[in-house]
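**Student:** In case you want the letters, here they are:
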Amino acid sequence: MNVPLTHLLTLAGGLFFIGIWCAVTRRNLIMVMLGIEIMLNAAALAFVGASLRWQQMEGQAVALFVLAIAAAEVSVGLALIICIYRRYRTLDPAKVQ
Amino acid sequence: MQTADFTALTPLLLLAAAIAAVMLQIALKRSHILTIVLTLAGLIAAMLGVLAVGDMPARQVTPLVTMDRLAFFFIGLILTATAATALLGCRYWEHAVGQCEEYYLLLLVAALGACVLAAAHHFAAFFIGLEILSISLFTLMAFARRRMASVEAGLKYLVLAGISSAFLLFGIALIYADVGSLAFPIWTARLQAAGETVSPLLLIGMGMTVIGVGFKLALVPFHMWTADIYQGAPAPTTAFVATVSKSAMVALLLRLFAPVDFTAEPALFWTLAILAFASMIVGNILALRQDSVKRILAYSSIAHMGYLLVAFLSGGPAAIAATVFYITAYTITVLGAFGVVTVLSRTDADADSMSDFQGLFFSHPWLAGVFMAMLLSLAGIPLTAGFIGKFYAITAGAQGGIWWLIITLVLTSAASLFYYLRIVVAMFSPPLENKTQPPAAGISYSGGLVLTVMTVLLIWVGSAPGPLIDLIGRITQ
Amino acid sequence: MDVNDPVTSIATIWPLMVFLLAATGLVIVMIGLSALLGQRHWQRTTGEPFESGMLPTGTARIRFDVKFYLMAMFFVIFDLEAIFIFAWAASVRQLGWFGYIEMLIFVGFLLLALFYLWRVGALEWGTKR
Numbered sequence: 000m001n002v003p004l005t006h007l008l009t010l011a012g013g014l015f016f017i018g019i020w021c022a023v024t025r026r027n028l029i030m031v032m033l034g035i036e037i038m039l040n041a042a043a044l045a046f047v048g049a050s051l052r053w054q055q056m057e058g059q060a061v062a063l064f065v066l067a068i069a070a071a072e073v074s075v076g077l078a079l080i081i082c083i084y085r086r087y088r089t090l091d092p093a094k095v096q
Numbered sequence: 000m001q002t003a004d005f006t007a008l009t010p011l012l013l014l015a016a017a018i019a020a021v022m023l024q025i026a027l028k029r030s031h032i033l034t035i036v037l038t039l040a041g042l043i044a045a046m047l048g049v050l051a052v053g054d055m056p057a058r059q060v061t062p063l064v065t066m067d068r069l070a071f072f073f074i075g076l077i078l079t080a081t082a083a084t085a086l087l088g089c090r091y092w093e094h095a096v097g098q099c100e101e102y103y104l105l106l107l108v109a110a111l112g113a114c115v116l117a118a119a120h121h122f123a124a125f126f127i128g129l130e131i132l133s134i135s136l137f138t139l140m141a142f143a144r145r146r147m148a149s150v151e152a153g154l155k156y157l158v159l160a161g162i163s164s165a166f167l168l169f170g171i172a173l174i175y176a177d178v179g180s181l182a183f184p185i186w187t188a189r190l191q192a193a194g195e196t197v198s199p200l201l202l203i204g205m206g207m208t209v210i211g212v213g214f215k216l217a218l219v220p221f222h223m224w225t226a227d228i229y230q231g232a233p234a235p236t237t238a239f240v241a242t243v244s245k246s247a248m249v250a251l252l253l254r255l256f257a258p259v260d261f262t263a264e265p266a267l268f269w270t271l272a273i274l275a276f277a278s279m280i281v282g283n284i285l286a287l288r289q290d291s292v293k294r295i296l297a298y299s300s301i302a303h304m305g306y307l308l309v310a311f312l313s314g315g316p317a318a319i320a321a322t323v324f325y326i327t328a329y330t331i332t333v334l335g336a337f338g339v340v341t342v343l344s345r346t347d348a349d350a351d352s353m354s355d356f357q358g359l360f361f362s363h364p365w366l367a368g369v370f371m372a373m374l375l376s377l378a379g380i381p382l383t384a385g386f387i388g389k390f391y392a393i394t395a396g397a398q399g400g401i402w403w404l405i406i407t408l409v410l411t412s413a414a415s416l417f418y419y420l421r422i423v424v425a426m427f428s429p430p431l432e433n434k435t436q437p438p439a440a441g442i443s444y445s446g447g448l449v450l451t452v453m454t455v456l457l458i459w460v461g462s463a464p465g466p467l468i469d470l471i472g473r474i475t476q
Numbered sequence: 000m001d002v003n004d005p006v007t008s009i010a011t012i013w014p015l016m017v018f019l020l021a022a023t024g025l026v027i028v029m030i031g032l033s034a035l036l037g038q039r040h041w042q043r044t045t046g047e048p049f050e051s052g053m054l055p056t057g058t059a060r061i062r063f064d065v066k067f068y069l070m071a072m073f074f075v076i077f078d079l080e081a082i083f084i085f086a087w088a089a090s091v092r093q094l095g096w097f098g099y100i101e102m103l104i105f106v107g108f109l110l111l112a113l114f115y116l117w118r119v120g121a122l123e124w125g126t127k128r
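Chains as they are written, first to last, in numbering that gives the first Met the number 0: chain A, 0 to 96; chain B, 0 to 476; chain C, 0 to 128.
Hints are computed from structural coordinates only; laboratory data are not their basis. Every value quoted in this text rests on a predicted model; they were computed, and no experiment measured them. One or more hints might be untrue.
What the hints assert, rightly or not - Label-pair ranges, simulated between beta-carbon atoms:
id, chain 1, residue 1, chain 2, residue 2, range
1, C, Val28, B, Leu202, 56 to 64 Å
2, B, Ala188, A, Arg86, 28 to 36 Å
3, A, Ile81, C, Leu20, 47 to 55 Å
4, B, Ala188, A, Thr9, 35 to 43 Å
5, B, Leu202, C, Gln93, 36 to 44 Å
Cβ coordinates follow ideal geometry from the N, Cα and C atoms, glycine included.
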């Protein structure tokens, strides 16, 4: 009783667009980071779906790497955001420039 | 794994060992000079590793990486550029921030990521290499943390790189769903076999991958923050981004798309051709209107990636060799140009505005000469490496018959002379009266060494390109 | 056994159904009985979080020390490195000694990073020496 690939890819695609929407429209740097995280996780989901289709482990391994790397990216991002916040007292990207 | 696998991986293993050594050294005893020595020792050891094993037959080590001559050439290029950046950074970082030892650590990590990227044979290796490189770059850019422009550049690059990585990954996932393998050759073979009837999954995946690569190479519709990032980042980091991350991406481009016959793939050809066309036009036009030297160099780098794509797209027998030659010449030139900017920078801000360079000839004639040589090479004036690179690109394009791209290349190069010469004219005009002189402390030995080496290489490659062409010819057979 | 056949699927999952009903029923009985039998009062301090306890002061939206964020970042990174150890543990027999040595190198790098963090004082809560 497998979930068909199209369903998984549709879900992942939907998540990806939510992520882009969040990253591009929100006026808060934390929310921009959150959007990027959602996009990355959508990609990881698509990898899991694809590896299910071919019954391989490769895609799942990549999904694990995506998780670890997204965490590293968000840590560096948070550090930079704290730096920015200390100086500008705002997280609105429009005001930072 | 067998012994031969470890032999093939020597440069990467040495680099990883150097990272561990530098980290241990910083943890045990902080010392700027010791860190520099260890970093350079690691880089030189890895370079010797490249020289020792670079001539062996191509070997695929695990499904992830292939160590062939192309990979070794790019690893050598990346290591050289990293060593140059580290040397340039010596004097620059001494007073700019309190503790600067981590800069070299991050530089080594970024170099390792770029090397993995250059040798990648599999999408997993590609993604890991890319992210090791990018995540180190965010920190390298934000390293001058007392300057807000630097932190902003890091954050902007992080957002940009995050979005582009997500696009790339999603594209790769779709391709994987269609093809059933993450290895490059299988994917390329599938693309070849598909011809004009590409399945929608593969098409969307390819489109998203091209968007991701476009962001990384800063091609035109995806170039938004390039100038801000180049301007805000500390000058040594800018030199590193412009050379190492670009050449690693070019290596990847060669691996992914070089086996594809572009005449059978019009969609891919036209996408890349339009990106190249737009990059040449927009990059040069935007550079005309700038007053900041770092921004001019940023826009010129966009245009140069366009020129490089012309060589790449020609598809003729000389395409790969021309691309490799172009990126080599470009790396030498940009390292020299940003080297001059670094050497002239003060502790509180980088040398950036035109007024910082006004009258440079009278205060530092030697530096002005080097910078002029670099700018002329970027413009493609004969007797410089840039000229041979452009000439080679045009020849390859002519063999491939893409005349409209060649004409764009020639016309935009002519226009680019204007903004390069503006900097040259500023350097030779009399110095401003009220200007606070940059500290006449003189140039550090390390910075001087880098500039000398780059200038010698520039003129040597420009006047006698034979050996380099032979070397590249052997690599790209 | 065909899991898609409705009869067999109900036959196999009936304990789950019973459990679900029992759990829901228990909750309904507990809340319903206490509502029916219990007494009610409405006085001055009834609405406070800790009735006849400490009075809450200030808002919940206070600023946290930046060190909390630092610790959270370290935790997230080291925590996620553990997934690679899990992946190795799941296939430890196939990987053999070679995989074991690889994992030792990986853990060694993590330990080196931890040592580095400790030495640069990132793990200290108080002011730096």
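**Student:** Please write out, lowest number first, the hints stated earlier that are contradicted by the structure.
**Tutor:** 2 and 4
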